[in-house]
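Engineer: Each chain, letter by letter, is given below.
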Amino acid sequence: MQRIIQINIAGSVLPIEEDAYIILKEYITSLQRQFAGDDGKEIIEDIENRIAELFSIRLQGGSPAIDRADVQKVTDTLGSASDLHDGPGPGSSQGSKSSSYTYSNAQSSTFQQQYPRNHDRLLRDPYNKVFGGVCSGIAHYFDIDPVMIRLIMVVLFLFFGIGFLTYIIAWAVIPAATSPQELYNMNNGNPVTFHDISKNVGNELQDLKRRGEQMSRELKDFFSKKR
Amino acid sequence: MRKGLLELCILGIIQRQQEAYPSDILEQLKDSKLVVLEGTLYPLLTRLKNAGLLSYRWEESVSGPPRKYFALTTEGASFYEHLRKTWDELSNAVNNLTVSL
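Taken in sequence, the protein lines are chains P and B. Heads up: the first sequence begins at 1 in the numbering used here, then just goes up one per residue. Heads up: the second sequence begins at 1 in the numbering used here, then just goes up one per residue.
Just so you know, these hints were derived from the structure itself, not from any lab. Keep in mind that the hints are not guaranteed to be accurate.
Below 30 Å or equal to it, Euclidean Cα-Cα: the simulated BS3-like pairs (lysine-lysine) are [unchecked claim]:
1. P/Lys-220 <-> P/Lys-129
2. P/Lys-209 <-> P/Lys-220
3. P/Lys-41 <-> P/Lys-73
4. P/Lys-41 <-> B/Lys-49
5. P/Lys-41 <-> P/Lys-25
6. P/Lys-41 <-> B/Lys-30
7. P/Lys-73 <-> B/Lys-49
8. P/Lys-25 <-> P/Lys-73
9. B/Lys-30 <-> P/Lys-73
10. P/Lys-129 <-> P/Lys-209
11. B/Lys-30 <-> P/Lys-25
12. P/Lys-73 <-> B/Lys-33
13. B/Lys-85 <-> B/Lys-30
14. P/Lys-25 <-> B/Lys-49
15. B/Lys-85 <-> B/Lys-49
For clarity, every value in this text was computed on a predicted model and none was experimentally measured.
Next comes chain P alone, as it looks inside the complex (with noise of 0.2 Å):
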C-alpha cells in the first residue's frame, strides 16, 4: 500500500507515490549539496523543471502517480550528483592520454579567459625562478616585471637584512604553481606538458643544487674575466 502525496515541483503539482518522493528529495538535496556555488539555485531550477516535464510526460501517459520506478528512471537519465561534476578546469573525468590531457588542459585554459578570471592566486613560479620562483610568483599576482620584485628582494636584503629571512618565509609558505591550469596561467598562455607538472621538496632541493653550482661557475668566469 502507498499513499499518494501531492507534490509541487517547478511549479507543476503532481502526485507521487510516498516512497518515490523520498527517493527524488534526497536526489534533489544532493543535488544542492553538489552545485553549491552562486550558479546553484538556477542549475537545480532547470534540473527541476526537467524531471517536472518528465513526470508530466509519464502522468499524461496514463500513470495514476509518479512511483518509485519513475524517479529511478529520471535519476538515471540525468545522472546522480557525483557524476555531474562542474567547474572548469580537471574534471573527475579526465582522459589519461597525454594527447587528450593536453588538449582539455588547452580547453579548459581558452574558457578561463573568457570566464572571471580566478587566476589570482599567490603562488610560486616554477618556470620562471632563480631560487624558488616566489619573486616571480608575486610579480605574476602584481602582473609586472619580476626583475623589479627582485630588484626590491635585493635592495631588502643589502640594507635591512629583513630579505633573506622574508624570502625564506615565503618559499615554505607560498605553494607552487602545479595544476596544469595554474601552470599555464603562470606561462602566459604556452600549453604545458606533463613533465613540467609535478615538482616535489626533492626535485625542489635537486634544482637548486644545480642552480647554485651554476651560479658559482658563473660568479667564478666573472672573477676570472676581471682578473
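Starting from the known structure of chain P, fit chain B onto it as the hints suggest.
Structural biologist: Frame of chain P; chain B shown alone:
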C-alpha cells in the same frame, strides 16, 4: 578531457540550430554517439550563460513547465569560432601525427 569538447559541441549545436532546448541538444549528442548524462548539460549551460556566451528565452510547452531555449550571443558566436579553429588545428595535428589502426 570531455569538458572542453562538450562545450564546443554544445555551442556548435546551438549555432547550427539558432536556438536549442537542452533536450534537443542531448538528442543530437546522442545521435552523434556522444554519450552525455543529461544532468551535466544544465550546469554547463548555466555556466556558459553566466559567462555571457549564451542567452535564453522561455517558451511555453504543452508537456509541462515552460522550456528554456538557448541562443548564442555575439560574444558566444565569436567564442565558438575561436574554439572551432583551435579544434581544427588540434585535430589536424593529431591526424597528421598518428595513424588510425
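Engineer: Would you check the hint for P/Lys-25 and B/Lys-49, treating anything up to 30 Å between C-alpha atoms as holding?
Structural biologist: The given pair, whose Cα atoms are some 27 Å apart, holds under the 30 Å limit.
Engineer: P/Lys-41 and P/Lys-73: Cα distance at most 30 Å?
Structural biologist: Distance of about 23 Å is within 30 Å: holds.
Engineer: What's the verdict on B/Lys-30 and P/Lys-25, does the C-alpha distance respect the 30 Å limit or exceed it?
Structural biologist: 28 Å, holds
Engineer: For the pair supplied as a hint, B/Lys-85 and B/Lys-30, is the alpha-carbon distance within the 30 Å limit?
Structural biologist: Given that 30 Å is the threshold and the Cα spacing comes to 24 Å, the pair holds.
Engineer: Taking only the CA atoms, is the gap from P/Lys-25 to P/Lys-73 under or equal to 30 Å?
Structural biologist: 15 Å, holds
Engineer: Would you check the hint for P/Lys-41 and B/Lys-49, treating anything up to 30 Å between C-alpha atoms as holding?
Structural biologist: With a Cα-Cα distance of about 14 Å, the restraint between P/Lys-41 and B/Lys-49 holds, given a limit of 30 Å.
Engineer: Is the hinted pair P/Lys-41 and B/Lys-30 satisfied, with a Cα-Cα distance of at most 30 Å?
Structural biologist: 27 Å, holds
Engineer: Has the given pair, B/Lys-85 with B/Lys-49, been kept, meaning a C-alpha gap of at most 30 Å?
Structural biologist: Roughly 21 Å between the alpha carbons, so the hint for B/Lys-85 and B/Lys-49 holds.
Engineer: Can the restraint linking P/Lys-209 and P/Lys-220 be considered satisfied, given a maximum Cα separation of 30 Å?
Structural biologist: At roughly 16 Å apart (the allowed maximum being 30 Å), P/Lys-220 and P/Lys-209 satisfy the hint.
Engineer: Does the alpha-carbon distance linking P/Lys-73 and B/Lys-49 stay inside the 30 Å limit?
Structural biologist: 28 Å, holds
Engineer: Holds or violated: are the alpha carbons of P/Lys-220 and P/Lys-129 at most 30 Å from each other?
Structural biologist: The hint holds at about 21 Å.
Engineer: Under the criterion that the straight-line Cα-Cα distance not exceed 30 Å, is the pair P/Lys-129, P/Lys-209 satisfied?
Structural biologist: 13 Å, holds
Going down the numbered hints, you'll see the structure goes against none, and every one checks out.
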